[in-house]
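J.: Residue numbers (this note's numbering), protein chains in the order written: chain A, 1 to 531; chain B, 1 to 316.
Read the hints as simulated data drawn from the structure, not as lab findings.
For clarity, every value in this text was computed on a predicted model and none was experimentally measured.
Among the clues, some could well be false.
As the list claims (entries may be wrong) - Okay, the calculated bits of chain A under chain B, using three or more residues with CB under 8 Å as the criterion:
1. 124 to 136
2. 150 to 159
3. 243 to 250
Stated by the list, open to error - What follows is a set of in silico ranges between Cβ atoms, one per label pair, in the way DEER data are often shown:
4. B:V64 - A:Q398: 50 to 60 Å
5. A:E375 - B:V108: 45 to 55 Å
6. B:E47 - A:E375: 40 to 50 Å
7. B:E47 - A:T339: 53 to 63 Å
8. A:P147 - B:G93: 40 to 50 Å
9. A:G249 - B:R235: 50 to 60 Å
10. A:D229 - B:T243: 48 to 58 Å
11. A:T471 - B:E47: 21 to 31 Å
12. A:A188 - B:Y62: 22 to 32 Å
13. B:Y201 - A:G249: 38 to 48 Å
14. B:P87 - A:V274: 39 to 49 Å
To be verified - Under the rule of at most 27 Å between Cα atoms (straight-line distance), these lysine-lysine pairs were calculated in the DSS-like manner:
15. A:K448 - B:K51
16. A:K140 - B:K51
17. B:K50 - A:K187
18. B:K158 - A:K190
19. A:K190 - B:K50
20. A:K190 - B:K68
21. B:K50 - A:K448
22. A:K140 - B:K50
23. A:K508 - A:K140
24. A:K187 - B:K68
25. A:K267 - B:K158
26. B:K51 - A:K143
27. B:K158 - A:K187
All C-beta atoms, glycine included, are put in the ideal place defined by N, C-alpha and C.
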Amino acid sequence: MKRLGLVVGVSVIVLAIALTGTFAQAPKSGGQLVHGSVQEPDRIWGPVTGLTVSGEISQLVNGQLIEINEKLEYVPSLAVEVPTLANGGVSKDGLRYTFKLRKGVKWHDGQPFTAADVAFTHSVLVNPDVDVRGRVGWNKISKVETPDDATVIFNFSAVDAPFLDRVATLGILPKHILGSMSGADIKAHKWFRAPVGLGPFVFKEWVPGSHLLLVKNPSYWKPGRPYLDRIVYKIVPDANALLNQLETGDVDTRVRLVNEQIEVVQKLPNVRLVSAPSVTPWVLWMNETAPPFNDRKVRQALAHGFDKERLVKTILGGHVSAAWGLLPPASWAYNPSVTKHGYDPNRAKTLLDDAGWKTGSGGVRAKDGKPLSFEIANIGGEQERVQVLSFIQQQWKQVGVDAKIRTVDVGQMWGRMLPQRQFEAAYSYTGRLPDPDMSSHYLSPELKPTTNFPGYANAEVDKLLLAAAATVDRDKRKAAYQRVQQIVADDVVHIFLYWLNGNTVLNKRVQGYKPAPGYNEFWNADEWWVQ
Amino acid sequence: MRTFLARRLLAAIPTLGAVSIAIFLLLHSAPGGPMAVYANNPNVDPEDLKKLERSLGLHDPYPVQYAKWLGSMLTGNWGVSYKYARPVVAILGERIFATLQLVVASLVIAALIAVPVGILGATARPALQRLIGAVSMLGVSVPTFWLGILVLLFLSVKVRVLPSGGMATIGAEFSLADRFWHLIAPAAVLATLEIAGWSRYLRSMVLESMRQDYIKTARAKGLAEWRVVMRHALRNALLPLITLLGLQGGRLVGGAMITETVFSWPGMGRLLVESLAARDYPVLMAAFMLMSALVIAGNLAADLTYGVADPRIRLD
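Throw the hints in and build the complete structure from the sequences for me.
T.: Right, dumping it as structure tokens:
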């Protein structure tokens, strides 16, 4: 009897140990996460802010109808399913989107979430008295219907192909708090600094200059989520000081780590680094309305004139991947077989000779008495940008091109040089949505594209882009975009360099993080947990 | 004394006026504007940005913009921040207190250390004098951000004696000890430049005083040497330091930018840098005017104190 008892006892203990073993990796509820950021948010709603960090807080506190996951797919959030052509949520002509909303969802103050909130959010977006920065696409909506509390229908006057991207990045505003105000009052309302939202975390406090405190939403619509009790969003403006705090464990997470610190972080024992490419490429812009860049041969020569692969491997330490076009390989419209103008200095020299730029004194080419010399404007502050440009500058010198690097600040670059086309060449990254629509970059200037800084104009490209933006049929759009990618690659409208990497540092006790290429890194923060 | 005061206050008005015009022109002549940061955003229509700029009055001619700003400042409305859409007064108020704490603490530390070091530098043995001279030379040359990072690295990361930044432990109850613990490192780092500079200055002033005739008299009276130095030489040597302190007035608001960044101190310096990058004109104009006013007030206070401290000076 005693022996049987012993056997049973030991088996129970062994079983218990085995079971806890399998449960060891299951998410645990509770705990606090401290996130460190070098920038402080300003207003916590995407359309009225230019800061990514504001978007991050909005991601945690506000709710959206749909979201974009790590595979760049749409997934339902406050809407119970993503509207598509197949399920009838999107009409065949692309002019009517129907969203069925989740029932029983409550705002952080306990009020019920209804379709009226969604309709209200749209009305604020298009209200001329509110200083909304980004209403592109939303102003194509002619009518918003709310036949019942759980259904919203957007009717369009013209097709807005990337509409679902816009919905996936828009936080919903509470009609019961802001609904009775004029546009001017909404603009100054303290909701934008103390939001009441629908998201997994509730805004608790904001000590300016120091930190924001968010706590778990106990009635979040996803059962059992979020796992974390608190998130402290700490402001640490100096990147070195932030690195220190990651090392001591005072800070658990940091996103957008600067490339110079990657090697150091990889040696720290208590953190891990997750790198993933984004949909945002680094671009060398060229002003194509004036010499020397108005000649396609010159642009092609410049593309052949430097070794991109070596740049990525040496200067950038192999941490990033080379970019050859505006669309990333993960995009559903990506064309893998466009012409890649790889490193070929002899071809570069031949092209420049053909274009009339003959080698002159001092090794710099000249044509009609003018040297092949220009300035590349670069925003100061980051070593890596200068290193990249210096590398290219050196290699271009070998083929007779004299490029000078000129340091400017954000205001000069984005306030005057690029939008008013007062530049020769410039270096920056260019913001992109996951949707492959490239109209803002490639439409002819008279069609008012928002980011066609080079001034490129091609009638065939215009036709293709306009047709693709007017339909929601993915196959038709894909065919058009593949052709556009080929044309603009041949014309070397831009020289793309590499994909901006998202480098996220996480303390080893933080689990559940998944990188998001087209989005901000907090998209699945409700699934994060700490050991 | 009263006419002196009245004249100085009256003279301050055109000074502030000229400063405001100069700052206004400088700020607006930098290319780009508060909307520059949105140009890279594919969601943003440049037409919307232009409308926004017009509604903020940024397309008005400069004299009109300046007049509007001056009018609202004088009636107590310090404007609304472009970036935060909040009243400027609220934003400045939050940050000023933090910077004041930091700068005042650093001035106190600087005075407490610079005075004895300065005296020693003048009266100690030659070898010690040379050592002090060398160390203070180092102090003047060391850049604040480098020193700050070093302090953090050694005293906060390697040996966890000091906090890694901020004004207080996040989430903890208010405690003077906690605040003091957070204040000590940034205030000390900020004070190094002052200590080095002031001690060298004080040393030369003490040496100068020691050469005066009244020192001979004091020694002839049979006073102990330390009394001669402390009660006679030092008092006269300290006078110019009052002027130096008065000039620190402007720094009380904006002078600690680098230290604030390194130690994550939520003060005015950081606010100024961020507002400059964002071209947040209302915040910048208000902050710079505040700094100018404090410089003027500081100078005036120094002059008045000097007049009281030194009977040889008549203020009129």
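J.: Each hint: holds or not?
T.: Status of each hint after checking the structure:
Here the stretch 124 to 136 of chain A counts 7 residues with a CB under 8 Å from a CB of chain B, which clears the bar of 3, and the coverage holds. Against chain B, the stretch 150 to 159 of chain A contributes 0 residues with a C-beta closer than 8 Å to a partner C-beta. That does not satisfy the three-residue criterion, and the hint is violated. Evaluation of the coverage hint for the stretch 243 to 250 of chain A: fulfilled, as 5 residues show C-beta separations to chain B shorter than 8 Å, against a requirement of three. Checking the proposed 50 to 60 Å range against V64 (chain B) and Q398 (chain A) shows it holds: the Cβ atoms sit about 54 Å from each other.
Restraint check, E375 (chain A) to V108 (chain B): a C-beta distance of roughly 49 Å satisfies the suggested window 45 to 55 Å. Between E47 (chain B) and E375 (chain A) the Cβ separation comes to about 29 Å, which falls outside the hinted range of 40 to 50 Å. Between E47 (chain B) and T339 (chain A) the Cβ separation comes to about 35 Å, which falls outside the hinted range of 53 to 63 Å. As the Cβ distance of P147 (chain A) to G93 (chain B) is approximately 49 Å, the hint placing it in 40 to 50 Å holds.
Taking the beta carbon of each, G249 (chain A) and R235 (chain B) are about 52 Å apart, inside 50 to 60 Å as hinted. Distance hint for D229 (chain A) and T243 (chain B): a CB-CB separation of about 55 Å, consistent with the stated range 48 to 58 Å. Checking the proposed 21 to 31 Å range against T471 (chain A) and E47 (chain B) shows it holds: the Cβ atoms sit about 25 Å from each other. A hinted range of 22 to 32 Å holds for the C-beta pair A188 (chain A) and Y62 (chain B), which are about 26 Å apart.
Our hint of 38 to 48 Å for Y201 (chain B) and G249 (chain A) holds, since their Cβ atoms are close to 44 Å apart. The hint said 39 to 49 Å for the Cβ distance between P87 (chain B) and V274 (chain A), and at roughly 41 Å that hint holds. With a C-alpha separation of about 16 Å, the suggested pairing of K448 (chain A) with K51 (chain B) holds against the 27 Å cut-off. Between K140 (chain A) and K51 (chain B) the alpha-carbon distance is near 18 Å, which keeps this suggested pair within the 27 Å criterion.
For the hint linking K50 (chain B) to K187 (chain A), the alpha-carbon distance of about 17 Å falls within 27 Å, and the restraint holds. This hinted pair does not check out: K158 (chain B) and K190 (chain A) have alpha carbons roughly 42 Å apart, beyond 27 Å. For the hint linking K190 (chain A) to K50 (chain B), the alpha-carbon distance of about 25 Å falls within 27 Å, and the restraint holds. For the proposed pair K190 (chain A) and K68 (chain B), the alpha carbon gap of about 26 Å is at most 27 Å, so the pair holds.
Restraint check for K50 (chain B) and K448 (chain A): the C-alpha separation of about 14 Å stays at or below 27 Å, so the hint holds. Of the supplied pair hints, the one linking K140 (chain A) and K50 (chain B) holds, its CA atoms being roughly 20 Å apart against a limit of 27 Å. With a C-alpha separation of about 46 Å, the suggested pairing of K508 (chain A) with K140 (chain A) is violated against the 27 Å cut-off. Simply put, K187 (chain A) and K68 (chain B) have alpha-carbon atoms about 21 Å apart, close enough for the 27 Å limit, and the pair holds.
With a C-alpha separation of about 15 Å, the suggested pair K267 (chain A) and K158 (chain B) falls inside the 27 Å cut-off, and the hint holds. Taking the CA atoms of K51 (chain B) and K143 (chain A), the gap is near 24 Å; set against the 27 Å cutoff, the hint holds. This hinted pair does not check out: K158 (chain B) and K187 (chain A) have alpha carbons roughly 47 Å apart, beyond 27 Å.
Of the numbered hints stated above, those contradicted by the structure are hints 2, 6, 7, 18, 23, 27, listed in ascending order.
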